[in-house]
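Assemble chain Z onto chain X, guided by the hints.
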Amino acid sequence: MNYEGRLFGMINKKVKTMEEALNGLIDGMTIMISGFGDAGVPFNLINGVFEMGIKDLIIISNNAGRYDDGISKLLKENRVRKIICSYPRSLKGSIIEKKYKEKAVELELVPQGTLAERIRCGGSGIGGFYTRTGLGTLLAQNKEIKVIDDIEYVFEAPLKADFALVSALKADRWGNLIYSKSARNFGPLMCMASNTTVVEVQDCVEIGELEPENIITPGIFVDRVIEIEPILIL
Amino acid sequence: MLNIKPLNKNQIAWRASQDVQEGMYINLGIGLPVLMSNYINKEVIYHSENGILGMGPQAKKGEEDPNLVDAAKNPVTLVRGGCYFDSSVSFAMIRGGHLNLVCLGAFQVTNEGDIANWSVGDEETLPSVGGAMDLVSGVKNIWVLMTFFDKQGKSKLVRQLTYPLTGKSCVKRIYTDLAVIDIIQNRFIIKEILDGLSVDELQKSANVELFLDENYKILKAPDNI
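Protein chains in written order, with this note's numbering: chain X, 1 to 234; chain Z, 1 to 225.
Please note that the accuracy of each hint is not assured.
[Unchecked claim] In the DSSO-like style, the derived pairs of lysine-lysine whose C-alpha atoms are separated by at most 30 angstroms in a straight line are:
1. X:K143 / X:K16
2. X:K170 / Z:K60
3. X:K181 / Z:K151
[Claimed, not checked] Okay, the calculated bits of chain X under chain Z, using three or more residues with CB under 8 angstroms as the criterion:
4. 38-45
5. 95-104
6. 156-165
7. 181-190
8. 198-208
Hint data in this document are derived by calculation from the structure and do not stem from the laboratory. Note that CB positions come from ideal geometry on N, CA and C, so glycine has one too.
So that you can see chain X by itself, here it is in the shape it has in the complex (with noise of 0.2 angstroms):
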């Protein structure tokens, strides 16, 4: 077998427009999306499915958007159907607020780590697991409980979705990323959990440029990648 063949190969996950970026990307699909805060969110990709048209979305995101931008900007114009995260507020204000008091969106609230790990299990092939976050609380309301060890658990289901829309630093065309600073935040885990993992990076590299012992994401996870300059909002 030729193992130096992947010098010649064919695989490149790197698209060049946003259109075959975000291909099959349609109406009431549940799309995941990086980032906590502004760290690490793919705005241009979100730019793109805003420009798309795309409707009825379930989004599943730490956060909500701020101002007028990132999710704010679906938000806007009424085409998410529900928002899974946990910290929909923003200190200085969001869409999201005015929305969900006129009842225009959906929320499920849920711990952040508990979406980390939903996520994770979603990704893993783990059909939940149990945890001690929530107990007791209103986010834990009709929820199983099971004693272990005789502490008690609350039971969280998976999480996974259609697309997920990821920012990173790096990528190569076998789809390995590597991630800046603390953007890094949910991408590995929602990379992992979708059926159409998109990413936008700031840079692509050759094979074999990227450090093997450094890369974060390996490229299994990654379907599209596409090179664009970073929207960073401060």
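Relative to the frame of chain X, chain Z by itself:
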């Protein structure tokens, strides 16, 4: 109300910081607890639940990096030796009991150590929880920093929460502007109290049962902070 000058926020944070030990892995909550970092002069490692160990001070103006923020989404720095990780690993540190100390603000704490700090429970406000429930579910050492009374003059130390629960039986110690209180066997035990303030007086205003530790001390903090 009590006729005594309570500690200010910096003084509460200073007092709590005195009990931090060298080598601790610490997560400081938004608000009062984060002020503690101004007064901790030991080698400790700060955790931020969005994926940082070895978090440094706030970034200087002009040196902010949009990809490096703390749990409050403010631009911060990384100290030498610090590292980044994804949210799943970050919460494994929290739930798995790997952090030595979590300091949080609170609306209310009960004598059983139950804490309410994530929601005021009204219909109008958009509910948001973040990592609050995870932080209280896995860390053994949880300190609360808060004023003793709320703005309406009601005690934040209560027998039963009137705000929605964040976590049950988790708070070990409370640093307030009037006293330092441990929770031991479902009792509020006063370890330190302001000079000139009597337990009876505090108990009357608080409307909860307070016990004075037999080795209690006078609560002190520097005047100039």
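Violated hints - listed by number, lowest first: 1, 3, 6, 8
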